[in-house]
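K.L.:
Got chain A sorted already, so can you dock chains B, C and D onto it with the hints?
There are 4 protein chains.
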Amino acid sequence: MKSNISRSNLLKKFLNTRNLSVQITSNLSPEDNNLQVNSDVSPNKWHLGHTTWFFETFILEKYLDSYQYYNPKYLYYLNSYYQNKGNKVPKNIRHTISRPSYNEIINYRKIIDNRVLELLTKVDSEELNFMINLGLNHEQQHQELMIMDTKLNLFSGIEDSYFRKKDFDFLHKKSDAWIDFDEGVFNFGYDGDGFFYDNEKGFHKQFLHSYSISESLVTNGEYLEFINSEEYNNPNNWLNDGWNWKNQNNITKPLYWIYIDGEYFEYSINGIEILSLLKPVSHISYYEAWAYARSKSCRLPTEFELEHALNVPDTTFKNVFANVSNSFLDCIGFDKLNLFGNLWEWTNSAYLPYPFYKQDGGALGEYNGKFMNNLYVLKGGSSFTPSDHIRNTYRNFYSPEKRWVQSGFRLAKYN
Amino acid sequence: MKSNISRSNLLKKFLNTRNLSVQITSNLSPEDNNLQVNSDVSPNKWHLGHTTWFFETFILEKYLDSYQYYNPKYLYYLNSYYQNKGNKVPKNIRHTISRPSYNEIINYRKIIDNRVLELLTKVDSEELNFMINLGLNHEQQHQELMIMDTKLNLFSGIEDSYFRKKDFDFLHKKSDAWIDFDEGVFNFGYDGDGFFYDNEKGFHKQFLHSYSISESLVTNGEYLEFINSEEYNNPNNWLNDGWNWKNQNNITKPLYWIYIDGEYFEYSINGIEILSLLKPVSHISYYEAWAYARSKSCRLPTEFELEHALNVPDTTFKNVFANVSNSFLDCIGFDKLNLFGNLWEWTNSAYLPYPFYKQDGGALGEYNGKFMNNLYVLKGGSSFTPSDHIRNTYRNFYSPEKRWVQSGFRLAKYN
Amino acid sequence: MKSNISRSNLLKKFLNTRNLSVQITSNLSPEDNNLQVNSDVSPNKWHLGHTTWFFETFILEKYLDSYQYYNPKYLYYLNSYYQNKGNKVPKNIRHTISRPSYNEIINYRKIIDNRVLELLTKVDSEELNFMINLGLNHEQQHQELMIMDTKLNLFSGIEDSYFRKKDFDFLHKKSDAWIDFDEGVFNFGYDGDGFFYDNEKGFHKQFLHSYSISESLVTNGEYLEFINSEEYNNPNNWLNDGWNWKNQNNITKPLYWIYIDGEYFEYSINGIEILSLLKPVSHISYYEAWAYARSKSCRLPTEFELEHALNVPDTTFKNVFANVSNSFLDCIGFDKLNLFGNLWEWTNSAYLPYPFYKQDGGALGEYNGKFMNNLYVLKGGSSFTPSDHIRNTYRNFYSPEKRWVQSGFRLAKYN
Amino acid sequence: MKSNISRSNLLKKFLNTRNLSVQITSNLSPEDNNLQVNSDVSPNKWHLGHTTWFFETFILEKYLDSYQYYNPKYLYYLNSYYQNKGNKVPKNIRHTISRPSYNEIINYRKIIDNRVLELLTKVDSEELNFMINLGLNHEQQHQELMIMDTKLNLFSGIEDSYFRKKDFDFLHKKSDAWIDFDEGVFNFGYDGDGFFYDNEKGFHKQFLHSYSISESLVTNGEYLEFINSEEYNNPNNWLNDGWNWKNQNNITKPLYWIYIDGEYFEYSINGIEILSLLKPVSHISYYEAWAYARSKSCRLPTEFELEHALNVPDTTFKNVFANVSNSFLDCIGFDKLNLFGNLWEWTNSAYLPYPFYKQDGGALGEYNGKFMNNLYVLKGGSSFTPSDHIRNTYRNFYSPEKRWVQSGFRLAKYN
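Chains as they are written, first to last, in the working numbering: chain A, 1 to 415; chain B, 1001 to 1415; chain C, 2001 to 2415; chain D, 3001 to 3415.
Since the hints were made in silico from the structure, they are not lab data. Only true hints are included.
In silico contact screen, one side only, chain B against chain C (beta carbon under 7 Å); selected entries:
1) Q1083
2) F1207
3) P1235
4) N1240
5) F1356
6) K1370
7) N1374
Pairwise CB distance ranges (calculated):
8) B:S1039 <-> C:S2229: 31 to 41 Å
9) B:Y1259 <-> C:V2312: 49 to 59 Å
10) A:N244 <-> D:L3015: 30 to 40 Å
11) D:N3228 <-> A:K358: 24 to 34 Å
12) A:N234 <-> B:Y1069: 43 to 53 Å
13) B:D1193 <-> C:V2312: 37 to 47 Å
14) D:P3072 <-> C:S2276: 25 to 35 Å
15) B:F1155 <-> A:R391: 43 to 53 Å
16) C:V2022 <-> D:L3015: 37 to 47 Å
17) B:G1194 <-> C:K2296: 26 to 36 Å
18) B:F1356 <-> D:I3093: 46 to 56 Å
19) C:K2296 <-> B:S1039: 32 to 42 Å
Once the Cα atoms are required to be at most 16 Å apart in a straight line, the calculated EDC-like pairs of lysine to aspartate or glutamate come out as:
20) A:K91 <-> D:D3241
21) B:K1296 <-> C:D2360
22) D:K3012 <-> D:D3113
23) B:K1073 <-> A:E159
24) C:K2296 <-> B:D1360
25) B:K1201 <-> B:D1191
26) C:K2205 <-> B:E1183
27) A:K88 <-> B:E1159
28) D:K3205 <-> A:E183
29) D:K3088 <-> C:E2159
30) B:K1205 <-> C:E2183
31) D:K3013 <-> D:D3388
Heads up, the beta-carbon is just placed ideally off N, CA and C, and yes, glycines get one too.
So here's chain A without its partners, still in its complex pose:
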């Protein structure tokens, strides 16, 4: 358990990260910030509180003698899924908690920030540094969620939804090229000096048969052709669960596409735009990605194939994968950094433990391991992901029907 980050850098990261979360919500009204349109998402107010609660319960309570909680009732409101941390408000009714208000949560953040900063100044401990770094990485995950959630929350409203009037460039490119990789036994997992989660820890080996991956993500234009073809409604192209999901939810297009008078539009972070055919198709489920791939007699890559591709130096692929846009979070005022990808990329790998994976006991052990069931791994990162929160070994994971994730996919095949 080492953070491998200097105290001064940790301090800067703390200030920047904590500040960024508030900035994400700052142009929104109190009502906007308490929205929760379904049980996938949470109110921004809750995200702001929960990421603060994390510091309070995992750090302050541990390092400060006879620590007095800011407000013991918050523990019940702000816990997410930690069984070891007591009862909690059921996720789907977080919007029913009006008190504390947004302003009170902002105040709560300030007070906890000061306590953490004071602690950080006084105590020099490897473990403390790790825990603070973990809290900040945790908050970065919630930053992406806040943008995902706000996008969906406002989509359901009656007003033209918008977030910020500044676009960021997606890669507009389509290519038919394939990049080939040879078979072999390769190392996977994180074995470096920086921060990582337990689910990506340590080298282990996998045998890969030789394979090819498409250079580009599948585009809106290509997906539109799929929709307009007979293949889209052919059950032979779908997983059984996918076909049932499609019919029960009357799915006819990606989540944020809008069809008006014969034309397709796309709801974006900036409101409604004409559908750009060269942008990668986004906000689609694993089921839709799987069906598209099968309709092309291809398949989705595995998580190991994508990670291997990222590990191989000097491939065209690496270029494609990395040559990206400004992230949304950069637009708020932070340095431009390259992201790994435009979109999180679905893989055909179930989210299961790596060999030698060891789940911690206690509350921190609830971070990853207990979710390893009925989910799929996504690799890369999206323009909603903080750019210093990305690495080759990162394993994101979602349920196959989820679409509010900024997800896309590329094709794979065996040689």
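P.N.:
Chains B, C and D only, in chain A's frame:
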């Protein structure tokens, strides 16, 4: 269709009523005013908007040439159940509409108020006066709902809920006395000069067998004895639907009673208080009232028996029924007026049309008639009811399992 | 509690009634007799057992010393809704009980029949006679249910459903005539010597305003015109609950109508037939009947109006109401008798207690009183009703959306 | 597509397999054979029909000119999940189809059997042989389902459930021994001459880190200790989905354990027996197996680890895995054969395609590939599995919460 109200009185009533609705919400935060904990209740923000929409769609759109709606999108958000007024946001997701904000709705109210006042100054029409009066009576119904809804919304939160730190006196009284009434054919329904709803219109006759009604409402103390006795869990005392409702919802006490360490408390508009045994039991369902009455070998009175009791001059009963407290709405600063009752009183009468009832066509016809199914009539009025919104013939109605209504009951029997 | 039936007549009735129930099922397979397509209906096998259980638990267990139940496990399977009689298999999963088989239930019936007959021979008691008569009336209610349920059960199958190849004549008649009745205070309820249920007991008075009732039931042809008109899909014609029910269940026609290639057919007890336009429309809900009546600016009659019409001697109406067909049950081989009606007739009266109604304590008290909530009264009787199970005061009752009842309706209005 | 089975052997297999299915149902009543207590299971009558429909639609319809279906309505009833074969009765309401009866289905089987036998005599075709062999393997899967389903169907009834009064020996053994395996790249999948399914086709390579597997399956006694310890209710031992499943379904023990007056019993194919502590624990979910393993700081083996263990010659493990009991199906009168295991064994491998897996187009392509989502692989075979339906490469698969499968598990760990 006559309003029988002078224009100057109508003007005063308009100003007072419109102002009162805003006052009810003024001590609450934007988050509070957008709460909706279940599909019975609505956000206060929506109530404020909907009661304004009523004036816009039923009056301004009709009386002003080529009327331009303030915002056509509001029609979709602010319609309640009027099929004749187009599509609408499903009731259970009104909380997902963050825009317009509370402040924008307040602004909307001001603008529509000015338009109505200008119209009222210019046009002197019996029909217009009636429609404005109808709109104000409609708003008074929503004022009661706003208080009921806020009480429930805050009850689910994590903070000590409170509304205003001013109590109003419930009648603290228990008596074993019965008041007797003779049989006969009597007139029912409204046949006077003031405002009334179509469901109470015009005289009709009913035969009543001689009966007795208890002088007092059943009290918390009496209901507590019921809970503590074997009778409470004896299925023979319950309607079949009531027994299933009780078991499926694990009902063990009235909605707002709280049981802590062997003692009962009651959540009130002012927060949590020790249960007062002499106050009438409130916020209970028809099922609970019915079961209590049967356990005492009595029954609930019919709507006609209660209305007849109100119509009979000089009875002790009339006294009891009328000798009441300050209403909650009075506490906000309006004149003290006598209410009819402390609580709406459940009757054993299904909400069905009076003889000769004629449902209007069009949107106004949707006001009452289409709801006459599987509901029960309540008579009287509560301390949440605006005091000038009460009369002998008023027919309130709710589904038998509803408990967020400020409801109570008294016993009846045949002689 | 008097049965007012001679022992010899009771004996004959016992033999006939018990025999008839078995006959109803005798042309059906074991699989047919264990069908249960939804939770409204029950398997015939269960009906045969439950009506026998009634004699065992309410009579044999009471009159015979140290009575040994035929099989104590049957008590759990064969209880319907009697809370006082212990736990029971939930209604919706009665079809999951394969053992006892149909043949075993037939054997159970024989054994219990013999025990009852022996008891009846030995004991001459007014109370015993009443209880046996009650058991037989109870069984007659289940005979109608068995035919209703079988009709629905087979409707869902893949084979041409049929029951018996013998038709019975519905009244084929349409008239525009109205029959008028004068206002007054009249007696209602049963005050005679024969058998009756507690819900119809004893005279009480009601005031009726003068009214008119249509001579004929609404026909298939008239209802078809309604469906084909704009009125059918006009929400203003429907109760709010009815409109929601119609939309949620995608209702476009009565339950048993079938629409193939532009033509309407009707599924009957004999299989699929061409829709007869002059037959009364049947198997429709209260909601549909209500909507039809409102679209004609009429209403449904109240239960008191229909009962009064039956009580008035020498009216044309009485003729119409009584001049009927063979009942289905007659077809099985019993004497022809006039029924009151072709179909049970929906009324606009909620099923509520009569004045002075006194619900018994104990299990028998569960027969009627505890269901008096959210149901509507039907009067008359249908061709599925045993003909000696019909009388002026009979109060049948169902939930407003139910359609597997053999129900129809006529129109009413005030003069 | 080769069957690699001689025509005479195929003929014998056809006669034996088709006969065995009927034998499984022959001691049960028509009502028993139409039971369906939930949507996991199907009526035996349906299984008998569906396995016959398979021969009719996939073979007879293809090989016989202008083939006339026995009864076209059966296509609608007897299709399971083949989208390419038209509409079908929804799975959960198969019990609502009383016609055809059991006897009619038996007759249907005889007629189709004769047609297939005649075809087999006349046509000598590699493809036909394969298809018939596929149909028989398909039927063997349903034979196991029939026993699983009957066990569950009768468990819900009120009678002591039983099937046949002949026991078969489970391995009664507990050991603490571990068997170790070295790391390496190994071949997986079926590459032989016999019958196989597409999901196990062809060699591919996987790298395995060195690991150990427990010699014995976890026993009832060991699992009982788990239940009685604090670990059972410690959320840290459970997958998140598993913990929610446990709480929502109030899981306190394996499916067929019964707790009476402080003692545990087990419902078996022969009725209720005292719980045998040395038998392997059975009928538990993946979630329960996973939790047990984690509570012991172990894990479940992967499908590759188990298959590799089976492939390694001369290991103690092979002995353990194979040295088994009579299968249930043997008890009916067929030759005794060794089974692979007592119980299907849960693995920690999601059911995903092997490298190079190619899903067929058309209806046969629906056999396996479309289900590869949110399921886990089970290896081995159970005493309900026909003994010639078992092989090293067999991949069985179920959803992680299913318990009516005859499933158990052993532990694994890395060295």
